[in-house]
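For chain A, the structure is supplied; the task is to place chain B on it using the hints.
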Amino acid sequence: MALLVSTTINGDKVEYACQPDESLLDVLRNRLGLTGAKEGCGTGDCGACSVMLDGRLTCSCLVLGAEMDGKSLQTIEGMADGAVLHPLQKNFIDHAALQCGICTPGFLMAAQALLRKNPDPSEEEIRFGLAGNLCRCTGYDKIVRAVQATATELKLAKRSA
Amino acid sequence: MPLDTSLVRKEFKVIGQRVTRPDGIDKVTGRAKYGADAFAPGQLIALVLRSPHAHARIKKIDTSKAEKLAGVKAVITAADLPDHTGGDRGMRDILENCMARKKVLYDGHAVAAVAAVDERTAKEALKLIRVDYEILPHVTEVDEALKPGAPLLHDDIFTDGIEPKPTKSSNFIKQAEYGHGDIEAGFAEADFIIEKSYKTEQTHQGYIEPHSCLANVSPDGTAELWVCTQGHFVYRNQCATLLGMEANKLRVTASEIGGGFGGKTHLWAEPLALALSRKANRPVKLTMSREEVFRCTGPTSSSSIDIKIGARNDGTITAAFAELRYQNGAFPFTWAEFGAMTAWACYDFKNVKSVSKDVVLNRPKCAAYRAPSAPIAAFAVESTMDMVAYKIGMDPIELRIKNAAKQGSKSSYGPVYGPIGIGPTLEAAKNHPHWKAPLGKNMGRGMACGFWFNFGGQTCVDVNVTPDGNVTVAVGTIDVGGSRASLAMAVAEELGVKYDNVRVIVADTSSLGHNDMTDGSRGTFSSSMAAIDASRKAVTNLRERAAKTWEIPVEDVEWADGEATPKGDKYGNLKTLTLKDLAAGAGHTGGPIAGHSEIVADGAGVSFGTHICDVEVDMETGRSLIKRYTVIQDAGKAMHPSYVEGQYQGGAAQGIGWALNEEYVYGKNGRLQNAGFLDYRIPVCSDLPMIDTLILEIPNPHHPYGVRGVGETPIVPPLGAIGNAISHATGVRQTHVPMSPPRVLKSLKGK
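Chain order of the listed sequences is A and B.
Letter by letter, the first sequence follows residues 51 to 211 in the numbering used here.
Letter by letter, the second sequence follows residues 342 to 1092 in the numbering used here.
So here's chain A without its partners, still in its complex pose (with noise of 0.2 Å):
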C-alpha cells in the first residue's frame, strides 16, 4: 500500500505517495518529474543519482522515498538560483567538464559538497572527493580543473566580502 510522505525539495514543501520498495530516485524521477538526478547503476556505485539529503551526499539510489517525512533534500535542480549558475555548474561549461553529461548532476552534486567540506582541496583531495562518480567521456582532467577554479574563485569571493 502507498505511504504519504511530506518532505522539502529544493526549498519547496512537497507530497508525494509512493510504494514501500521505491528508492528516492524513481520516486524523484517517476513521480515528481525531477529527472536531473540519473541512473547509472541502480546500485550506489556510478553516482549519478546523487542529491544532498539533510547537507549530506547521499545516492538516491540507495534510499526509499519513504524515508523521506520532514527530510530537507536538494537536487540538481535547486542548485542554480533562479537563472543565475552556480559557480560549480558555470566552471563545468567554461572547463568543458562535460562531453555527453549524463554524470554532471551527480558530479556537480558531488562537488558541491567536497566544497562545502573542505573550501580548499588539493587536487589529491579534490579526485578522492569524487572517487564515487563514475565518467566514461572526460577522464576527469576537465572536471578536476574546473572545481580548482570553482574553489579559487569561492575563495577570492570570500576574501573580498
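For the record, the hints were derived by calculation from the structure and aren't laboratory data.
Bear in mind that the values here come from a model prediction, so they are computed numbers and not experimental data.
Where a beta carbon is used, it is the ideal one built from N, C-alpha and C, also for glycine.
There's no promise every hint is true.
Computed, partial: chain B to chain A, Cβ under 7 Å [what the hints assert, rightly or not]:
# : residue
1 : Ile598
2 : Gly822
3 : Phe1018
4 : Leu1019
For lysine-lysine, the following PhoX-like pairs were computed, each having C-alpha atoms within a straight-line distance of at most 25 Å [stated by the list, open to error]:
#  : chain 1 : residue 1 : chain 2 : residue 2
5  : B       : Lys1092   : B       : Lys540
6  : A       : Lys140    : B       : Lys839
7  : B       : Lys374    : A       : Lys140
8  : B       : Lys590    : B       : Lys620
9  : B       : Lys889    : B       : Lys878
10 : B       : Lys620    : B       : Lys444
Quick look at chain B alone, frame taken from chain A:
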C-alpha cells in the same frame, strides 16, 4: 559532386575558439532529456526475460500465466516478431539477437518481454513465464571455440576466406589476409626475429546511461520512437525492417545521449518496445538495468594474437607478421579483420602480413567500441616493437620514426597514404619534456602509437535563416561530445555572423534526409562538411537576394562579415545589406532563405596518435598506478580545441581502464560473473593523473577546414604504452590485458 575544397581556409574568425556549448546549461541544470527522461500519457513499463544459460535450445515458452496477471497489457516472444528480413543475414542476426528464436546463444539472451502498468507488475509477470530449455554445451574462450569439436553455435557458418570453402559448419566465421611483399624473404634477411603471443580480455564501452527508449505505435500503423542512440536514422531503418513497417511511418527522435562509444550503434531492445507497444496499443517505455547492459549489449572482442617481427640490428624491420583471433560473441562479424587491417598501419614495412580469424562463441554479440579492434592489435604490435627497440638498445621512438609510414607509403591494409600525422606525432613525442623526465623507484615509461581509419558517410544538413536574421541548423548526426558547438562555429564562420546567432539542433528522422550514425569519428567531420556546403549555398542565396534588391548582376555582389556589398565603385551609393536586412525582406525577394546539403562525406583523413605514460608498480601487490600520461595526436584542424582535448583525454582514460582493470569474467557455467560497476571497475577520478594533450594539425586535404575525426584514435595506443611501461618497471614482458594486480603479480613470481 565532391565539396569544393579548393577554398581550404587558413584564416579563421570563429573556428579554433573555445566557445560555450549550446547544450551546456541544460546539462548542468538537469534539464537535458536523455533516453529515460521521457514519459508518455498512459505509458507501460517493459521488462525483458533473459536466458540464464550460455547455450540452450528453447523447447517451449508458456506465457499464459503472465498474460492473465492483472496489469499486464502485452507479452511477446519471437513469435510476435515474424522474420521480415528477406534473407538478409545481418538483419536476421539483429532480429535474433534482440529476441532468441530457437536457441539462446549467451547468458542474457532475450526470450520474452512484457509490458505492464508499472515495474512491479512487469517483474511479477516475468516470474510467471515458463521457459523449458534443453541445455547445450557452451564455449566462451576464443581459442577453444576454434578447436574441432567445440560446441557449435550456428549450423550455417562455413568459414569464408579459406580455399576450398569448408563443407562442415563451424564457429570460424572468416579468415582474411592483408599486407604486401614477401615475409618469408624478409624474415630470411633479418639479424634476429622476435615472436610473442598475447591475449586481451573483453571490455565494455561502459557508458553511464543504460539503453532506454519510449515507443508509441498507433493503430494506423505509424509510430514514434524516442531513444538514446548514436544513429537514429539507422535505428529507424532497421526497426522498420524488423517490424515490417515502411520507414516513413516510423519517426525516431534521438534523446541526449549519455555516452555510447560504439555501443549505441546497434539495436538491442528497441524492436521489443515497438512490438510491445503495437500489441498493447499503448506507449511502452523500456529501460535496461546496468546488469542487462553488461550481460546483453555488445562489448568488444576478447582476443588471442601471435606476432613475429624480423629486424636488423640497425632497426630496419625486414618483415612483420600477425595472426589475430577475435571472438565476435554469438553472431558473426569481422572484428578480427579490422584488427588485421589496423595492426601495422603506423608503419612502412617492405614485407608485412596479417591474418585474421573471426570466431563466434557463447558471449553477447560484440559491438563497436571506439576504434573497434584496433587497440587490441596495437597492444600486440606495439609491445613487440618495444621488444625490438630494447633488444638493439635503440630508443623506441627512434625505432618507430625509422619505420613510420609517411605520405606516399603503401599502407599495410592497401591504400596509399596522403599527408599523415604519424611522423610528426613521433617527433613531437621525442621532443616532449615527458620523454626526458626522470623516473622514480619502481616506475617504468612506455610509449606506443595508434591508428584509426575514420569514416565519412551519408550526411544531410539544413541551414535556415529566420525572419529576424538569425540562423537555425538542423543536423542528423547525434552529438556525443559537443559537436553542436563545432557545427554552429562552422556555419558562423561561413556566413560571417556571430557564433551566438547560430543554433544547431539534431533533427528527427522525419525532418531530414538519411544520415549515417555518429561512428567512425565522423560526427564533426561529416556534418561540418555538409554544414559548410549548406552555408555556402545559403551565401549564394543571400547574394542573389541582394542582387535582386539592388537590381544588379549577382556576380557583382560580395558576401563578407555577414553582409552583402556591391563590388566596385560603380555601385558607390548602395548601402550594404546585412543578413538581418535580407532576412526581413525575404518575402519580397523569393521567400525563405536557406541552404541545404546532401553529401557522401568522402575523404575522412586517417588519424594517428602517439602516447607516453609513466607507471609505478607496487611490487608486493602488482598494482599499477599511472603517474603521468601524455597524448599527442593529429586533429587535422581542431575546430573546438577543448572538445578535441576532451576526446584525447577520454579515450586515453578508457584505454587505461582496459589496460589495468576492466574485463568480462565468465564462470565455468558460461555466466557473466561481474555484471556491475562494482566488479567491472572502470577508472575513477582518484585512479588517474591529469592527462596532458598536444594537438597537431596536419590538414586533411579533403575537408574544407582540414578536419580529421579525432574521437577514436586516442583509445588505440594506451594498452601498448602501459604494457611497455609496466614491462620496464617490472622487468617482465606483459602479454595479457588487463594487467590487473593479480596478473602482474603472477608475472613477477614467474620472473
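Between the alpha carbons of Lys1092/B and Lys540/B, is the straight-line distance 25 Å or under?
Within the cut-off at roughly 19 Å; holds.
Does the alpha-carbon distance linking Lys140/A and Lys839/B stay inside the 25 Å limit?
21 Å, holds
Holds or violated: Lys620/B to Lys444/B, with C-alpha atoms at most 25 Å apart:
24 Å, holds
Tell me if the straight-line CA distance from Lys374/B to Lys140/A falls inside 25 Å.
19 Å, holds
Chain A contact restraint on Gly822/B - CB to CB distance below 7 Å:
The hint holds - Gly822/B has a Cβ within 7 Å of chain A, the shortest such distance being about 4 Å.
Could you grab the alpha-carbon distance between Lys889/B and Lys878/B and see if it respects the 25 Å cut-off?
17 Å, holds
Would you check the hint for Lys590/B and Lys620/B, treating anything up to 25 Å between C-alpha atoms as holding?
17 Å, holds
Taking the closest Cβ pair, is Phe1018/B under 7 Å from chain A?
4 Å, holds
Does Ile598/B pass the interface check with chain A, least Cβ-Cβ distance below 7 Å?
6 Å, holds
Once the shortest beta carbon distance from Leu1019/B to chain A is found, is it less than 7 Å?
Because about 5 Å separates Leu1019/B from the closest Cβ in chain A, which is inside the 7 Å limit, the hint holds.
Of the hints listed earlier, there is not a single one the structure fails to meet.
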